[in-house]
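Enquirer: The opening residue of the sequence shown carries number 968 in my numbering; numbering runs sequentially from there.
Calculated from the structure, these hints are not laboratory results.
Warning: the hint list may mix true and false statements.
To be verified - With beta-carbon atoms standing in for the labels, derived distance ranges: (1) Gly-1016 / Ser-1209: 22 to 28 Å; (2) Met-1166 / Leu-1237: 46 to 52 Å; (3) Tyr-1245 / Ile-1171: 20 to 26 Å; (4) Asp-1097 / Ile-1171: 42 to 48 Å; (5) Glu-982 / Tyr-1159: 26 to 32 Å; (6) Ser-1214 / Ile-984: 29 to 35 Å; (7) Arg-1224 / Ser-1032: 32 to 38 Å; (8) Asp-1040 / Ser-1153: 41 to 47 Å.
Claimed, not checked - Computed list of lysine to aspartate or glutamate pairs in DMTMM-like fashion (alpha-carbon distance at most 25 Å, straight line): (9) Lys-1246 / Asp-1231; (10) Lys-1246 / Glu-999; (11) Lys-1021 / Glu-1039; (12) Lys-1064 / Glu-1052; (13) Lys-1156 / Glu-1052; (14) Lys-1092 / Asp-1042; (15) Lys-1092 / Glu-1271; (16) Lys-1015 / Glu-991; (17) Lys-1239 / Asp-1196; (18) Lys-1095 / Glu-1272; (19) Lys-1156 / Asp-1197; (20) Lys-1189 / Glu-999; (21) Lys-1029 / Glu-1271; (22) Lys-1008 / Glu-982; (23) Lys-1189 / Asp-1151; (24) Lys-1008 / Glu-1261; (25) Lys-1021 / Asp-1040; (26) Lys-1239 / Glu-1261; (27) Lys-1015 / Glu-982; (28) Lys-1227 / Glu-1261; (29) Lys-1181 / Glu-991; (30) Lys-1029 / Asp-1042; (31) Lys-1239 / Asp-1197; (32) Lys-1181 / Asp-1161; (33) Lys-1239 / Asp-1212; (34) Lys-1095 / Glu-1140; (35) Lys-1156 / Asp-1169; (36) Lys-1181 / Glu-1271; (37) Lys-1015 / Glu-999.
The C-beta atom is built at its ideal place from N, Cα and C for all residues, glycine as well.
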Amino acid sequence: MSSMVVIGTGSALPERILANTDLEKMVDTSDEWITTRTGIKTRHIASKGDETSKLGSRAARKALSMSGLVAEDLDMIIVATITSEISMPSCACLVQKELKATNAFALDLNAACSGFLYSLDLAEKYIKFDPHLKILVIGAETLSTRVNWQDRNTCVLFGDGAGACIVTGTDQERGMLASNLYSDGSLYKLLYMDSAPSMNKDLIRPGNDGSYIKMAGRDVFKHAVRCMDDAISSVLDQTGVSIEDVSLIIPHQANIRILKSLVDRLGVPLEKFYINVYKYGNTSAASIPIALDEANRQGKIQAEEYLLLCAFGGGFTWGAALFRW
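Please work from the sequences and hints to get the whole structure.
Expert: Structure (structure tokens):
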């Protein structure tokens, strides 16, 4: 039975950096308040030329280079995003155009911060059907375009960026071992983002005062920790791998308090987690692939080691995936 392996990773971040001290001049907040509650010190913010598809394409080119492939080798492009610069066509189609990946078909996937895991799971299903496929999976966001910069509870959290990986099939005993995904739409009001106001007056949503992120932080915190813990336990039980056997855990980089609470629930040392939230903030679907690329290029993931990914996001959506690298 063929399994899915990662053969290349890449990431891209805007050059502009917004520090906590910069935010002190914009809203009623402080570096100490932000750092204590989130662990975030800086975040990257898109400037002209940093549209979501452009960031995704930059990350993709780095992943292609590592894999030894060229864009024409790609069969499929999946972009996980909630912040494409246009509604139609998909961000993935714009990436395809940018890369000149003429042999690939392209689609977007919206699962908020869990989008990259959902996209990997989808890619794995295609690869099981045809192990020769070469699939580009991207998580890319420009959340600065969807933040209320007057809301100090949310504007301090989010940043922009993109991460990518190239996946294909292998007959070796490695790759993705299991992936479990979940959702609960009944709780969406705790973390959501309105669309642009409807042009049909009969379908205008009451209370839609802007297409920006709205979040009940304390409620999200409780659900995020519990749900990621459950998803991790499920995927480990399914594979028979113990948490002690896992060499590295790359979680969605939401905020440091969520990550430390998850560490406590799992009973593992903090050093087993790859954490970069202090540099980039919450980049939604981009956070795991950015961290994955960093860890990969730093040599923190060795062949045959177990790698665990987990995420939680708006929807609610959540899940976990286990790889043997």
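Enquirer: Does each hint fit the structure? Answer for all of them.
Expert: Now the hints, each set against the structure:
no. : hint                            : verdict
1   : Gly-1016 / Ser-1209: 22 to 28 Å : violated (46 Å)
2   : Met-1166 / Leu-1237: 46 to 52 Å : holds (49 Å)
3   : Tyr-1245 / Ile-1171: 20 to 26 Å : violated (40 Å)
4   : Asp-1097 / Ile-1171: 42 to 48 Å : holds (44 Å)
5   : Glu-982 / Tyr-1159: 26 to 32 Å  : holds (30 Å)
6   : Ser-1214 / Ile-984: 29 to 35 Å  : holds (31 Å)
7   : Arg-1224 / Ser-1032: 32 to 38 Å : holds (36 Å)
8   : Asp-1040 / Ser-1153: 41 to 47 Å : holds (42 Å)
9   : Lys-1246 / Asp-1231             : holds (23 Å)
10  : Lys-1246 / Glu-999              : holds (15 Å)
11  : Lys-1021 / Glu-1039             : holds (18 Å)
12  : Lys-1064 / Glu-1052             : holds (14 Å)
13  : Lys-1156 / Glu-1052             : holds (24 Å)
14  : Lys-1092 / Asp-1042             : holds (14 Å)
15  : Lys-1092 / Glu-1271             : holds (22 Å)
16  : Lys-1015 / Glu-991              : holds (24 Å)
17  : Lys-1239 / Asp-1196             : holds (15 Å)
18  : Lys-1095 / Glu-1272             : holds (22 Å)
19  : Lys-1156 / Asp-1197             : holds (22 Å)
20  : Lys-1189 / Glu-999              : holds (23 Å)
21  : Lys-1029 / Glu-1271             : holds (23 Å)
22  : Lys-1008 / Glu-982              : holds (16 Å)
23  : Lys-1189 / Asp-1151             : holds (14 Å)
24  : Lys-1008 / Glu-1261             : holds (18 Å)
25  : Lys-1021 / Asp-1040             : holds (20 Å)
26  : Lys-1239 / Glu-1261             : holds (15 Å)
27  : Lys-1015 / Glu-982              : holds (11 Å)
28  : Lys-1227 / Glu-1261             : holds (20 Å)
29  : Lys-1181 / Glu-991              : holds (21 Å)
30  : Lys-1029 / Asp-1042             : holds (17 Å)
31  : Lys-1239 / Asp-1197             : holds (18 Å)
32  : Lys-1181 / Asp-1161             : holds (8 Å)
33  : Lys-1239 / Asp-1212             : holds (11 Å)
34  : Lys-1095 / Glu-1140             : holds (14 Å)
35  : Lys-1156 / Asp-1169             : holds (21 Å)
36  : Lys-1181 / Glu-1271             : violated (41 Å)
37  : Lys-1015 / Glu-999              : violated (30 Å)
Checked against the numbered hints above, the structure breaks hints 1, 3, 36, 37 and satisfies the rest.
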